[in-house]
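These are the residues of each chain, in order.
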Amino acid sequence: MNVIGDGLAIVRGDAQADRVVPPTGHTAWLTTFTAGAMAFLAVFALALSLATGRLAERWSNELARTATVRISAPAGQEAAQVQAAERVLEQTPGVAETRLLDVEEQRALLEPWFGPDLPVEALPIPRMIEVIEDRQGYDAEGLRLRLAAEAPGAVLDDHTRWRRPLVSAAWRLRILGWLSILLIAGAVGAMITLAASAALAANAQVIRVLRLVGARDVYIARAFVRRFTLRALTGAAVGTVIGMAAIALLPRASEEGGFLTGLGFHGWHWLLPLVIPVLAGLVAFAATRQAALRSLRELM
Amino acid sequence: MIELDDVSYSYGGGELLSNISLDLPSGSFHFLTGPSGAGKTTFLKLCYGALLATRGRVSAFGSDLRDMGRDDIARLRRQVGVVHQDCEFLDHLPVEENVALPLTVSGRDRGTEAANLSELLSWVGLSGQARSLPPELSGGERQRAALARAVIMSPEMVIADEPTGNIDWEMSLRLLKLLVELNRMGKTILIATHDLNLIRAAKQQVSARVLRIKDRSLQLAGADL
Chain C
1 MNVIGDGLAI
11 VRGDAQADRV
21 VPPTGHTAWL
31 TTFTAGAMAF
41 LAVFALALSL
51 ATGRLAERWS
61 NELARTATVR
71 ISAPAGQEAA
81 QVQAAERVLE
91 QTPGVAETRL
101 LDVEEQRALL
111 EPWFGPDLPV
121 EALPIPRMIE
131 VIEDRQGYDA
141 EGLRLRLAAE
151 APGAVLDDHT
161 RWRRPLVSAA
171 WRLRILGWLS
181 ILLIAGAVGA
191 MITLAASAAL
201 AANAQVIRVL
211 RLVGARDVYI
221 ARAFVRRFTL
231 RALTGAAVGT
241 VIGMAAIALL
251 PRASEEGGFL
261 TGLGFHGWHW
271 LLPLVIPVLA
281 GLVAFAATRQ
291 AALRSLRELM
Chain G
1 MIELDDVSYS
11 YGGGELLSNI
21 SLDLPSGSFH
31 FLTGPSGAGK
41 TTFLKLCYGA
51 LLATRGRVSA
61 FGSDLRDMGR
71 DDIARLRRQV
81 GVVHQDCEFL
91 DHLPVEENVA
101 LPLTVSGRDR
111 GTEAANLSEL
121 LSWVGLSGQA
131 RSLPPELSGG
141 ERQRAALARA
151 VIMSPEMVIA
161 DEPTGNIDWE
171 MSLRLLKLLV
181 ELNRMGKTIL
191 IATHDLNLIR
201 AAKQQVSARV
211 LRIKDRSLQL
221 AGADL
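Taken in sequence, the protein lines are chains C and G.
Numbering of the first sequence is given in this note's numbering, commencing with residue 1 and proceeding in unit increments.
Numbering of the second sequence is given in this note's numbering, commencing with residue 1 and proceeding in unit increments.
Keep in mind the hints are simulated off the structure, nothing from the lab.
One or more hints might be untrue.
To be verified - Part of the chain G face toward chain C, derived, beta carbon under 10 Å:
| id | residue |
| --- | --- |
| 1 | Arg75 |
| 2 | Ala150 |
| 3 | Leu211 |
Said to hold, decoys possible - Covered stretches of chain G (chain C as the covering partner; in silico rule of three or more C-beta atoms under 8 Å from a C-beta of chain C):
| id | region |
| --- | --- |
| 4 | 5-17 |
| 5 | 65-74 |
Think of the CB as a built atom: it goes at the ideal place given N, C-alpha and C, for glycine as much as any other residue.
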């Protein structure tokens, strides 16, 4: 049986052939509903996958090339230690840029926890130098040793300790999202195979009559394949539209919000869910075709 | 047309038909008789490719059925019209669409065949039931609809399995008349029946050979028929 021919037959349609298989209300409803529900879930899995991918990328890009030097020293020595640390950083190969955070920036960093009226100047909080490395990167251990020797109050924090597990978690979430999409596709295929097999078994008389009058297996199979593919396509299209609407209605991402509020599609990513009904149709096509051919072989 | 050469058929460890040889020439009229369970239906199925012989050779229109693929068998069934006792239809389609089913599945345009279809329904006396659904038909009407469906592709041969099994004598004669007419048009007819009266009635109208299946073998029936 020619796969391309079957695909074209679905697109072209055949009103008379469609009438040959009687409408089966139960399996029709079941197939359409399940395809819709699965497409709805697939939209969320896709959104999750894309959001975690964005998060992982942002954390990787923004934090991978930065580090912070924290200087805690008695009030009288703070300026000298800051200067000493800046000098060490300037001389360190692999450091592209350094920037001493001013009081306002430090207040902004602490504001989420202590509120806007925190008297930063009056508190013994450490000074911070943001370090941006170049492509080659620097020797973190060597820099730590030099800072310890020349500016004892300075501590290098290269973010690795907390960045690595977060980036790893984000990537794993992304993989989980894609895995969910694969599982959903598999579940759609299994469900449609069951529904198609049930429909074929229920229509044994139709198949007997069609065979008796000289219908080829390809003709009989196409009648079922077309019906189930179109049902899955329709159900998945409705499920996808509802899923996209639900995603659009989620709260927008904000500075204060975590990644959950960033769950959604950005820019051209809104086009990606439109692939879901097509994929559902392809899965249904393959599953029904396989089930139909197997059943017809068994029904000699 | 159909030729069986030393054909045997076994199922479930037992042999149902043994060493059967027969030639069904074009334009002939044959009856196949024998008690219930003798293997008449099996014999007919071997002739139109619904079953394959376990031994021997069955050829139809010059081709060995064992060498035929599934598509070839489908094509053969368009050349051999089949009527069953419990004639099955697609119950959700009206009679005219059921009769035209062989045209539909072979991809022929029913629009251009509409006149033939109408003529055919008139020939079997079902013009008034064209839009009826099969479950609404009587036993005789179903048999005539099945005959119309069997001949719509102008097959070379018509095989009927107990076509009068479920209908009264008057309707049986009407159906027989149609089959005799088909034979006079040059079609080969093979009818399996245990109705000896039907065979006698046919022999008054047409030159028919009567075959009997007995003890798994095929014999020519005696002069009593």
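Exercise. Does the structure break any of the earlier hints, and which numbers would those be?
Worked result: Numbers 3 and 4 - these are the hints that the structure violates, sorted from lowest upward.
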